[in-house]
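Let's have the full structure, built from the sequences with the hints guiding it.
Chains A and B supply the protein sequences, listed in that same order. The numbering of the first sequence is my numbering, which starts it at 1 and goes up by one. The numbering of the second sequence is my numbering, which starts it at 324 and goes up by one.
Among the hints, erroneous ones may be present.
[What the hints assert, rightly or not] Which residues of chain A face chain B? A partial, calculated answer using Cβ under 10 Å:
1. F100
2. N101
3. E271
4. I279
Think of the hints as simulated: they come from the structure by calculation, not from any bench. Beta carbons: idealized from backbone N, C-alpha and C, even for Gly.
So you can see what is in the structure, the chains are spelled out below.
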Amino acid sequence: MDGEELTEQETALYDRQIRVWGADAQRRLSKSHILVSGLKGTVIEFCKNIVLAGVGSVTLIDDRVVTEELLAANFLIPHDENMYAGKSLAVLCCDSLKDFNPMVRVSVQKGDLSSFGVDFFEKFNVVVVSSCSLSTKKLVNEKCRKASKRIAFYTVDCRDSCGEIFVDLQKYLYSKKEVDEMVECLLEYSSFEEAIAIPWRSLPRRVSKLYLAMRVIERFEELESRNPGDTSIADLPDVQKLRKELCEAHSLSESMIPDALLERLLASTTEFPPVCAIIGGILGQEVIKAISGKGDPLKNFFFFDSMDGKGIIEDISIVKAEG
Amino acid sequence: MASEQQSSTIKGSKVLMVGAGGIGCELLKTLALSGFQDIHIIDMDTIEVSNLNRQFLFRKSHVGQSKAKVARDAVLKFRPDISITPYHANVKDLDFNVDFYKQFNVVLNGLDNLDARRHVNRLCLAAGVPLVESGTTGFLGQVTVHVKGRTECYECQPKTAPKTYPVCTITSTPSKFVHCIVWAKDLLFAKLFGDKNQEHDLNVHSKDGSSSSKQAEDVFERQEEENIEQYGKRIYDHVFGYNIELALSSEETWRNRNKPRPIYVRDVFSSELAIQNGNLHNCSNGDPPSLSAMASLGLKNPQDLWSLKENSKVFLEALKLFFSKREKEIGNLSFDKDDQLAVEFVTAAANIRASSFGIPLHSLFEAKGIAGNIVHAVATTNAIIAGLIVIEAIKVLQHDVKNYRMTYCLEHPSRKMLLMPIEPSEPNKSCYVCSETPLDLEINTHRSKLRDVVDKIVKAKLGMNFPLILHGSALLYEVGDDLEEDEVANYAANLEKVLCKLPASVTSGTILTVEDLQQELKCSINIKHREEFDEEKEPDAMILSGWIQPRATEKSSNTAVDSEVSTSSASEAVPLVAEDDDDLQIIPTITGKKRKLSNVSNEMKNKRKAELHSKNDVVVLDDDNSDMSKKEQ
Chain A
1 MDGEELTEQE TALYDRQIRV WGADAQRRLS KSHILVSGLK GTVIEFCKNI VLAGVGSVTL
61 IDDRVVTEEL LAANFLIPHD ENMYAGKSLA VLCCDSLKDF NPMVRVSVQK GDLSSFGVDF
121 FEKFNVVVVS SCSLSTKKLV NEKCRKASKR IAFYTVDCRD SCGEIFVDLQ KYLYSKKEVD
181 EMVECLLEYS SFEEAIAIPW RSLPRRVSKL YLAMRVIERF EELESRNPGD TSIADLPDVQ
241 KLRKELCEAH SLSESMIPDA LLERLLASTT EFPPVCAIIG GILGQEVIKA ISGKGDPLKN
301 FFFFDSMDGK GIIEDISIVK AEG
Chain B
324 MASEQQSSTI KGSKVLMVGA GGIGCELLKT LALSGFQDIH IIDMDTIEVS NLNRQFLFRK
384 SHVGQSKAKV ARDAVLKFRP DISITPYHAN VKDLDFNVDF YKQFNVVLNG LDNLDARRHV
444 NRLCLAAGVP LVESGTTGFL GQVTVHVKGR TECYECQPKT APKTYPVCTI TSTPSKFVHC
504 IVWAKDLLFA KLFGDKNQEH DLNVHSKDGS SSSKQAEDVF ERQEEENIEQ YGKRIYDHVF
564 GYNIELALSS EETWRNRNKP RPIYVRDVFS SELAIQNGNL HNCSNGDPPS LSAMASLGLK
624 NPQDLWSLKE NSKVFLEALK LFFSKREKEI GNLSFDKDDQ LAVEFVTAAA NIRASSFGIP
684 LHSLFEAKGI AGNIVHAVAT TNAIIAGLIV IEAIKVLQHD VKNYRMTYCL EHPSRKMLLM
744 PIEPSEPNKS CYVCSETPLD LEINTHRSKL RDVVDKIVKA KLGMNFPLIL HGSALLYEVG
804 DDLEEDEVAN YAANLEKVLC KLPASVTSGT ILTVEDLQQE LKCSINIKHR EEFDEEKEPD
864 AMILSGWIQP RATEKSSNTA VDSEVSTSSA SEAVPLVAED DDDLQIIPTI TGKKRKLSNV
924 SNEMKNKRKA ELHSKNDVVV LDDDNSDMSK KEQ
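If you want it as structure tokens, here you go:
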């Protein structure tokens, strides 16, 4: 137990979830600080979940001005142009989120995510990034790893009816109950850069096709300097060409990344709200696990595709030699 | 992402949501964002503080208001152009009949209890409207699709009844805290504050049955000259002292058990001249539910363990508060987990009894969870399940039959999956709800009355609300507003008759037809006379069977979606029914199927079972529904 007891008010509000994860976990949650960047539908869902769960604070980064498209899967912002005219996404979402749970401090941080230094990220226990470029993901992940204390790092993206979560908890020690005794478990995570650099040939034979397809598209956006998600079906020929190159370099059959899947991922610019709810829910659960130290955390990728309905965990990490 | 065709299907559809609670809030939000424009929503509940950690459409200022209505207003803020029609009503109301259901393209359930789920299932079957059913508990959840003739209905798989405890364990030989809770809630609380005519009495029966319940009955009546304090102490001494002494007199009972210790007021408060009473001025506000013995005694943290003395103080104080501040309700109270004073009383009484029997004491927080059958609930699982419901609903609207899936949300991955889709099973050909298979009823036709059949079978087991019972063309029983006086009298008289003495005699071999006009459900019951029943194991003195039998081995249906997996079905690996939200028990389904399971599923099955059982201290004395706080939420 770490100090202070939950207040009467907290016990009443969090009654049902304390029955799930216990008062200790609830206390740890209330002392945690979360940074969130890129406020599209999935991340909005995630924010709702952790604000309800009762984390200590949530800091939002997204200077984009609100547009119709950005609101497609957003339930935080009232549908009234007069109210949102000129304001940033983060400011508007902040106002609504505060309202969900007065016990959580929600605030806005202006600025470009990639411009912040290690000391900034150090203020947080959890960093979640979305809608950002491959290089920003790598950069933020590295900064989190350089911090003097452990920062849990997540990326999340939804395209069409597909979603992907990446988790880096660095060295994560937790205890779990096995039969009747508590066992200490140590998980070693790879950084995003390390994970995606793993040759495709050495991945598990039945690795999710979504993993490979997402890497091709991510690479394409990087090469073309596109904003994340700024693609269309017209890009298919170029993406197919890139797929060919990548598959040849990795000596992998191109059939592992079907055209139909690439088409779906490229064509759709708006999010599919049910998938946002699902991915945002899984991500919320994972962050709660990581903070509370209760439950097996996900290692290290999660994929959902509503076409087959499967929510799959893939472990794509470097196996470090002992000693 | 939605294709043109898909979005026009969504826009043109009319959906009914049942439940605006944990799953309901998430579902309404996701439906609205997904482009649904005509949504109707039924929920009889009002908003409570403990909902706010996950039912995100509600705020503290909404406490006490209709969930359906507040949810509608909240969603219209971000989607003002859609139509949401709320009904603050019980889904079992007669207004929600088959014609009402027929106007919808799909029905989506976010319910918290078996009763209402069965009811909606029947109306959907009768109206021919597809149903997407869901449930969550903690990190577990599931979504299932029920389309008449295509997939199994909600009742094709029998649902296990809430856990029951033998009466003598509760009245005489408790060995777990849950037994003490059941005793405190269903016996003591009910006896003191509820209907005086309850069936099981509180007094300990010695083996020779000598305890005179007639004389003991009067003990619970407050004497005219008696003040509240005297009364409270007398009750205390009677139930925790005298009754235990009486029980101890039966040597045989305690031969292999630890003997309980009688506890009297004087033992607990021996060193004090007078019992320190709570300060009533602290809770002078007249609002009954805010009355609290804890508050007036200065006990703050509901997670603290109270000593025997503290429990005794809470017991006496709560009893006093009931009799002094809530006198009018006495005689009509039933236990409600949201009634602070009732929870305090039950916690204290259960703890004092636990002290007697050497059972570890529990905090109010824990006791409340056990007494109220509180289901663990978190926002994330509800959000995930709501997303899955919408995905299935869209498939159903597009008649995409081959892609219908039931999906489990797991806490620990199985075959790398956290969300596991399964092909739905075909309808169970022996399901009495969606097929016309008759049921068998073993009963003593010379002793059991028609009332027993109506209450214990037709209502409790078959879940009918407005039953009609026919023997051939002779009407034995019927309910309704439009009956003539002589009919009412006639049916009332029939209720009290034993089966073989009914106007159309019911004997072995009789086939009864039972119908529910609202649910448009009809089934046949074959009567088999049986002379004897085991009082402990078969307390109803009748056995209903027919659809509960395991299904014969099937080949093609229910195969896991993954083609690499043989016929092992993961549907058996996880509980079929989980409940969402407040006051309903978790009901793991025992499918009773005898199919081959792969090692993986088997392992998982065991794991799941263990998990559920540990959380599953369901507290109900009789399976004919003493957990009466059931609500549609």
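Violations among the numbered hints: Result: no hint breaks.
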